[in-house]
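Trainee: Sequence:
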Amino acid sequence: MKRRRRTEILIQEKSCLAQNFAEAIIQSYPCQEVVAPQYGLTMIKMRESAKNSLFYLGEVLVTEAKVEINQCIGIGAVAGMKDELAKYLAIIDAAYKAQLPETKEWHQELVNAEQRILQEKAQVQAELFETKVDFETMDV
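In my numbering, the protein residues as written are 1460 to 1599.
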């Protein structure tokens, strides 16, 4: 599983999956905090559809952290002020870079979490469509 997909799942998932994964690694391996969670600003790049050109929409506050496990540095970055989540993401990233055996066991849990997220989004979308006004039926 690619890093971007894995990170999106861990950020959107609501049952503390990132915390569980990170704590399993912390208990088994020495984790050295290279950069403590800190706040910063990053520019958001968007694509304008008519001209198909890139522009900067603005800045967003992010929390970044770096952790080292077995000489492999992991980076965690998340929008908002979420120190713990940034640290957990950095630990998980370092674990994947170090190819720790625990990471192989996580794949199915991540896929299951992704399915739950997609189902929740579909349910919210269905609820929104129920409130949609059909202007064709309003014309009497």
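Just to be clear, a hint being listed does not mean it is correct.
Claimed, not checked - When the alpha-carbon atoms are kept at most 16 Å apart in a straight line, the in silico EDC-like pairs for lysine to aspartate or glutamate are as follows: (1) Lys-1473 to Glu-1579; (2) Lys-1580 to Glu-1507; (3) Lys-1461 to Glu-1543; (4) Lys-1580 to Glu-1492; (5) Lys-1556 to Glu-1579; (6) Lys-1461 to Glu-1527; (7) Lys-1541 to Glu-1527; (8) Lys-1504 to Glu-1518; (9) Lys-1473 to Glu-1568; (10) Lys-1541 to Asp-1593; (11) Lys-1473 to Glu-1586; (12) Lys-1473 to Glu-1564; (13) Lys-1541 to Glu-1472.
Unchecked claim - Using C-beta positions, here's what the derived DEER-type ranges look like: (14) Gln-1471 to Glu-1518: 36 to 46 Å; (15) Ser-1474 to Thr-1501: 19 to 29 Å; (16) Lys-1580 to Glu-1518: 18 to 28 Å; (17) Gln-1497 to Ala-1585: 54 to 64 Å; (18) Gln-1471 to Ala-1585: 12 to 22 Å; (19) Glu-1543 to Val-1583: 40 to 50 Å.
Hint data in this document are derived by calculation from the structure and do not stem from the laboratory. Each residue gets a CB set at the ideal place from its N, CA and C atoms; glycine is no exception.
Trainee: Each hint needs a verdict: does it hold in this structure or not?
Mentor: Here is how each hint holds up against the structure:
Using a Cα cut-off of 16 Å, the hinted pair Lys-1473 and Glu-1579 holds, with the two alpha carbons roughly 11 Å apart. Among the hinted pairs, Lys-1580 with Glu-1507 is inconsistent with the structure: their alpha-carbon atoms are about 25 Å apart, more than 16 Å. The hinted pair formed by Lys-1461 and Glu-1543 fails the criterion: a straight-line CA distance of about 22 Å is larger than 16 Å. A threshold of 16 Å between alpha carbons decides the hint, and for Lys-1580 with Glu-1492 the separation of about 35 Å lies outside it, so the pair is violated.
A distance of roughly 30 Å separates the Cα atoms of Lys-1556 and Glu-1579; the hinted pair therefore is violated under the 16 Å criterion. A hinted pair counts as satisfied when its Cα atoms are at most 16 Å apart, and Lys-1461 with Glu-1527 does not qualify at roughly 20 Å. With a C-alpha separation of about 20 Å, the suggested pair Lys-1541 and Glu-1527 falls outside the 16 Å cut-off, and the hint is violated. Restraint check: the Cα-Cα separation between Lys-1504 and Glu-1518 comes to about 9 Å, which is no more than 16 Å; the hinted pair holds.
Of the supplied pair hints, the one linking Lys-1473 and Glu-1568 holds, its CA atoms being roughly 13 Å apart against a limit of 16 Å. A distance of roughly 41 Å separates the Cα atoms of Lys-1541 and Asp-1593; the hinted pair therefore is violated under the 16 Å criterion. Proposed proximity of Lys-1473 and Glu-1586 is contradicted: the alpha carbons are some 20 Å apart, above 16 Å. Distance check on the hinted pair: Lys-1473 and Glu-1564 sit about 20 Å apart at the alpha-carbon level, beyond 16 Å; violated.
Among the hinted pairs, Lys-1541 with Glu-1472 is consistent with the structure: their alpha-carbon atoms are about 14 Å apart, no more than 16 Å. Against the hinted window of 36 to 46 Å, the Cβ-Cβ separation of Gln-1471 and Glu-1518 comes to about 22 Å, which falls outside the hint. Between Ser-1474 and Thr-1501 the CB atoms are about 27 Å apart, so this pair conforms to the stated range of 19 to 29 Å. Our hint of 18 to 28 Å for Lys-1580 and Glu-1518 holds, since their Cβ atoms are close to 27 Å apart.
Checked against the hint of 54 to 64 Å, the pair Gln-1497 and Ala-1585 fails, with Cβ atoms roughly 40 Å apart. Between Gln-1471 and Ala-1585 the CB atoms are about 18 Å apart, so this pair conforms to the stated range of 12 to 22 Å. With their beta carbons about 26 Å apart, Glu-1543 and Val-1583 fall outside the hinted range of 40 to 50 Å.
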